[in-house]
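K.L.:
Could you slot chain F onto chain A? The hints should help.
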Amino acid sequence: GQQVMQIPQYQHVQEGEDFTTYCNSSTTLSNIQWYKQRPGGHPVFLIQLVKSGEVKKQKRLTFQFGEAKKNSSLHITATQTTDVGTYFCAGRGSARQLTFGSGTQLTVLP
Amino acid sequence: ETGVTQTPRHLVMGMTNKKSLKCEQHLGHNAMYWYKQSAKKPLELMFVYSLEERVENNSVPSRFSPECPNSSHLFLHLHTLQPEDSALYLCASSLTPADTEAFFGQGTRLTVV
Chain A
18 GQQVMQIPQY
28 QHVQEGEDFT
38 TYCNSSTTLS
48 NIQWYKQRPG
58 GHPVFLIQLV
68 KSGEVKKQKR
78 LTFQFGEAKK
88 NSSLHITATQ
98 TTDVGTYFCA
108 GRGSARQLTF
118 GSGTQLTVLP
Chain F
55 ETGVTQTPRH
65 LVMGMTNKKS
75 LKCEQHLGHN
85 AMYWYKQSAK
95 KPLELMFVYS
105 LEERVENNSV
115 PSRFSPECPN
125 SSHLFLHLHT
135 LQPEDSALYL
145 CASSLTPADT
155 EAFFGQGTRL
165 TVV
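Protein chains in written order, with the numbering used here: chain A, 18 to 127; chain F, 55 to 167.
Next comes chain F alone, as it looks inside the complex:
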């Protein structure tokens, strides 16, 4: 248990569905992240939030929409996804956006059908 909780753990959705992934941390961290982990590829950083403000957006398609309502919660809203978006989506948090270790949640295994 790392202190970073992600829900749901597994999600199967159709290409026309809208769903949201949730991440929650009560570690007092100021930075939160979304990563995508696909088979045989490096962890891909998608979004970085620092003190609820988005500081990084790594050319992620608009069908992924993040939301950070406060420093403890992070959402990833999904709509009209493609089968190639199937992956493990990992949330992480750290004390600051730089120079500190990241604590990862257990991930949401997403399958797009």
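Looking at chain A on its own, in the form it has when it is part of the complex:
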């Protein structure tokens, strides 16, 4: 079945440093979504990427979808303490089912 791998599992950064999490799928995806879950909270949708090579930005967050539509990344520039949480990618394959990665837990040290 479809597998979505996400690395790293944990990341500690100093406030102001950049952060990147990577997502790789075992199969070609029709689209990929990113979610953020704050400690003690629930996943909240951030963005969806559909096109090969697509790049989208939300303020300090940059999302990329690979040319082969099998990988994606989320990059945060100049992290802030409000960025703390776990970031999940979720890929949708041919079976239309959304498969979540294991998430990257981001800690931002003040």
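Because the hints were derived from the structure by calculation, they are not lab data.
The C-beta atom is built at its ideal place from N, Cα and C for all residues, glycine as well.
There could be a bad hint or two in this list.
To be verified - Distance windows between CB atoms, simulated:
id, chain 1, residue 1, chain 2, residue 2, range
1, A, 37, F, 127, 36 to 44 Å
2, A, 67, F, 80, 25 to 33 Å
3, F, 131, A, 32, 44 to 52 Å
4, A, 37, F, 131, 35 to 43 Å
5, F, 126, A, 76, 31 to 39 Å
6, A, 19, F, 163, 26 to 34 Å
Unchecked claim - Residues on chain A that point at chain F, a partial pick, calculated with CB under 10 Å:
id, residue
7, 26
8, 30
9, 50
10, 54
11, 59
12, 61
13, 74
14, 78
15, 107
16, 109
17, 114
18, 118
19, 119
20, 127
P.N.:
Using the frame of chain A, we list chain F on its own:
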């Protein structure tokens, strides 16, 4: 507040108990989902309902029994659970089962003793 409400927020139950989790959305969405979130594991999709019809059942043990009486409500009936079933159970909804974002409820933290 996402528009998806789950009750109860916390539940402790014995292995011989029967309990139900409730999820409610008034977003006009046609698809609803149950996910299980355990520590250090990816979100696991359990069930998908589209227009009140179950379309996915990912090899979930029969001690978990979903029910979708209408497009706004989703239940997860629990009976004879095991301690390893302790987890955060998340309900989500989306406009359609494919290609749209999921809105998650705040979850029910379940502990089986």
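K.L.:
Each of the hints needs a verdict: does it hold here or not?
P.N.:
The hints, checked one at a time:
1. Here the CB-CB span from residue 37 of chain A to residue 127 of chain F is close to 40 Å, well matched to the stated 36 to 44 Å.
2. The supplied range of 25 to 33 Å is met by residue 67 of chain A and residue 80 of chain F, whose beta-carbon atoms lie about 28 Å from each other.
3. Taken as a hint, the range 44 to 52 Å holds for the pair residue 131 of chain F and residue 32 of chain A, whose Cβ atoms sit roughly 46 Å apart.
4. In this structure, residue 37 of chain A and residue 131 of chain F meet the distance hint of 35 to 43 Å, their C-beta atoms being roughly 42 Å apart.
5. Checked against the hint of 31 to 39 Å, the pair residue 126 of chain F and residue 76 of chain A passes, with Cβ atoms roughly 34 Å apart.
6. The hint said 26 to 34 Å for the Cβ distance between residue 19 of chain A and residue 163 of chain F, and at roughly 28 Å that hint holds.
7. Here the hint on residue 26 of chain A is kept, as its CB sits about 8 Å from the closest CB of chain F, short of 10 Å.
8. Of the supplied interface hints, the one on residue 30 of chain A is violated, with its beta-carbon coming no nearer than about 21 Å to a beta-carbon of chain F, more than 10 Å.
9. Checking residue 50 of chain A against chain F: minimum C-beta separation of about 6 Å stays under 10 Å; hint holds.
10. Below 10 Å, beta-carbon pairs count as interface contacts, and residue 54 of chain A has one with chain F at about 9 Å; its hint therefore holds.
11. Here the hint on residue 59 of chain A is kept, as its CB sits about 4 Å from the closest CB of chain F, short of 10 Å.
12. A cut of 10 Å between beta carbons decides the hint on residue 61 of chain A: the least distance to chain F is about 7 Å, and the hint holds.
13. The closest approach between the C-beta of residue 74 of chain A and any C-beta of chain F is roughly 18 Å, which is over the 10 Å cut-off, so the hint fails.
14. Residue-level restraint check for residue 78 of chain A is violated (minimum Cβ-Cβ distance to chain F is 16 Å; threshold 10 Å).
15. A least Cβ separation of about 8 Å between residue 107 of chain A and chain F falls short of the 10 Å threshold, and the interface hint therefore holds.
16. The beta carbon of residue 109 of chain A is positioned within 10 Å of a beta carbon in chain F (closest approach about 7 Å), and the interface hint is therefore held.
17. The beta carbon of residue 114 of chain A is positioned within 10 Å of a beta carbon in chain F (closest approach about 6 Å), and the interface hint is therefore held.
18. For residue 118 of chain A, the suggested interface contact is upheld, since its CB lies about 6 Å from the closest CB of chain F, less than 10 Å.
19. Hint status for residue 119 of chain A relative to chain F: holds, with the closest Cβ pair at about 4 Å, below 10 Å.
20. At about 26 Å, the closest approach between the beta carbon of residue 127 of chain A and any beta carbon in chain F exceeds 10 Å, and the interface hint on this residue is violated.
Checked against the numbered hints listed earlier, the structure breaks hints 8, 13, 14, 20; every other hint is satisfied.
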